[in-house]
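Chains A and B supply the protein sequences, listed in that same order.
Residues 4 to 152 in the working numbering are what the first sequence lists, from first letter to last.
Residues 4 to 152 in the working numbering are what the second sequence lists, from first letter to last.
Careful, some of the hints might be misleading.
Identical chains share a label here; the pair holds if one copy fits it or two copies do between them.
Listed next, the in silico BS3-like pairs over lysine-lysine satisfying Cα-Cα at most 27 Å (straight line) [as the list claims (entries may be wrong)]: (1) LYS118 / LYS99; (2) LYS99 / LYS139; (3) LYS118 / LYS98; (4) LYS132 / LYS7; (5) LYS20 / LYS99; (6) LYS20 / LYS139; (7) LYS20 / LYS7.
Since the hints were derived computationally from the structure, they do not count as laboratory data.
One letter stands for each residue in the lines below.
Protein chains: 2
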Amino acid sequence: MPPKDVFLAEALAEAAKGRDEGGIPIGSVLVRGGVIIGRGHNRRVQDGSVIHHAEMNCLENAGRLAPGIYREATLYTTLSPCSMCAGAAALFGVKKVVIGENRTFEMSEDFLRSKGIEVEVADDAECYKILQDFIKDHPEVWDEDIGGH
Amino acid sequence: MPPKDVFLAEALAEAAKGRDEGGIPIGSVLVRGGVIIGRGHNRRVQDGSVIHHAEMNCLENAGRLAPGIYREATLYTTLSPCSMCAGAAALFGVKKVVIGENRTFEMSEDFLRSKGIEVEVADDAECYKILQDFIKDHPEVWDEDIGGH
Numbered sequence: 004m005p006p007k008d009v010f011l012a013e014a015l016a017e018a019a020k021g022r023d024e025g026g027i028p029i030g031s032v033l034v035r036g037g038v039i040i041g042r043g044h045n046r047r048v049q050d051g052s053v054i055h056h057a058e059m060n061c062l063e064n065a066g067r068l069a070p071g072i073y074r075e076a077t078l079y080t081t082l083s084p085c086s087m088c089a090g091a092a093a094l095f096g097v098k099k100v101v102i103g104e105n106r107t108f109e110m111s112e113d114f115l116r117s118k119g120i121e122v123e124v125a126d127d128a129e130c131y132k133i134l135q136d137f138i139k140d141h142p143e144v145w146d147e148d149i150g151g152h
Numbered sequence: 004m005p006p007k008d009v010f011l012a013e014a015l016a017e018a019a020k021g022r023d024e025g026g027i028p029i030g031s032v033l034v035r036g037g038v039i040i041g042r043g044h045n046r047r048v049q050d051g052s053v054i055h056h057a058e059m060n061c062l063e064n065a066g067r068l069a070p071g072i073y074r075e076a077t078l079y080t081t082l083s084p085c086s087m088c089a090g091a092a093a094l095f096g097v098k099k100v101v102i103g104e105n106r107t108f109e110m111s112e113d114f115l116r117s118k119g120i121e122v123e124v125a126d127d128a129e130c131y132k133i134l135q136d137f138i139k140d141h142p143e144v145w146d147e148d149i150g151g152h
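When you get a sec, could you build the whole thing from the sequences and use the hints?
Right, dumping it as structure tokens:
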């Protein structure tokens, strides 16, 4: 069943969109004041992009925002962020990061906390399964996406 | 006069391209085996992008690469990288980062070193001047680009 958190469920819906396009199924939404102000998913396969991880694609789609907006925003992501995505969260200074799962990959949660960003891990079974199904079929694409880490 | 390092001079040429387009003048090149394999500049103004900092645009333009390629590459940038760009350098595991100047901004050099990435700061007068000239005229665009830091 889908995540209980409605915004994490929306991030998972983005991951499913990516899967349906043949891409790496990781999704993200940016939320402020109970409203989704950005959403996106990993675009490596679809666009040949190395920087459009889900969180980056979501932040890009949210557009240019005044710094204060980010400080009131929560970034939801189906997978624990890599150092690039965590670095973006820290640069813009989001208030909180909600993570679907960190069993597949974990790199930057201590970094986020060290920057004063609240971190919550849902350990959601669907977020885990959708990515594991992809990695089973395309281990080399996954390895490339995380730079061989 | 331009930087003595030919690759830093190419990064500065990218910054000048950005300036001539009305954008934030920060440029970057990715070099492997003495050959430029990617180049780019900040695209906030030109594309309304929040993630296309110079280093990110350069990495994106280099395209999808096998993880081993990055490990032999040096990322040149006219300005010291923010946490997003440094996080990308760490994700892909570049060997070295050469920085034009870090007087305008410095956020992530210790982070890069902690990830085993060699860091060299040129303290180049032209890299500094081209950005300072922009900030003088557009302080609010600069503030937005670095998330109010």
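Hints, verified against the model:
Both within a single protomer and between protomers do LYS118 and LYS99 lie at most 27 Å apart by alpha-carbon distance, with minima of 11 Å and 24 Å respectively. With identical chains, the CA atoms of LYS99 and LYS139 are never at most 27 Å apart, being 31 Å at best within one copy and 33 Å at best between copies. Within a single copy, LYS118 and LYS98 get their C-alpha atoms as close as 10 Å, and across copies as close as 25 Å, so both meet the 27 Å cut-off. When the C-alpha separation of LYS132 and LYS7 is checked against a cutoff of 27 Å, the pair qualifies only within one copy, where the shortest distance is 16 Å, while the shortest distance between copies is 52 Å.
When the C-alpha separation of LYS20 and LYS99 is checked against a cutoff of 27 Å, the pair qualifies only within one copy, where the shortest distance is 24 Å, while the shortest distance between copies is 36 Å. For the identical chains of this complex, LYS20 and LYS139 are intra-copy neighbours only, at 18 Å inside a copy versus 43 Å across copies, given an alpha-carbon limit of 27 Å. Proximity of LYS20 and LYS7 under a CA criterion of 27 Å is satisfied intra-copy only: 19 Å inside one chain copy versus 48 Å between copies.
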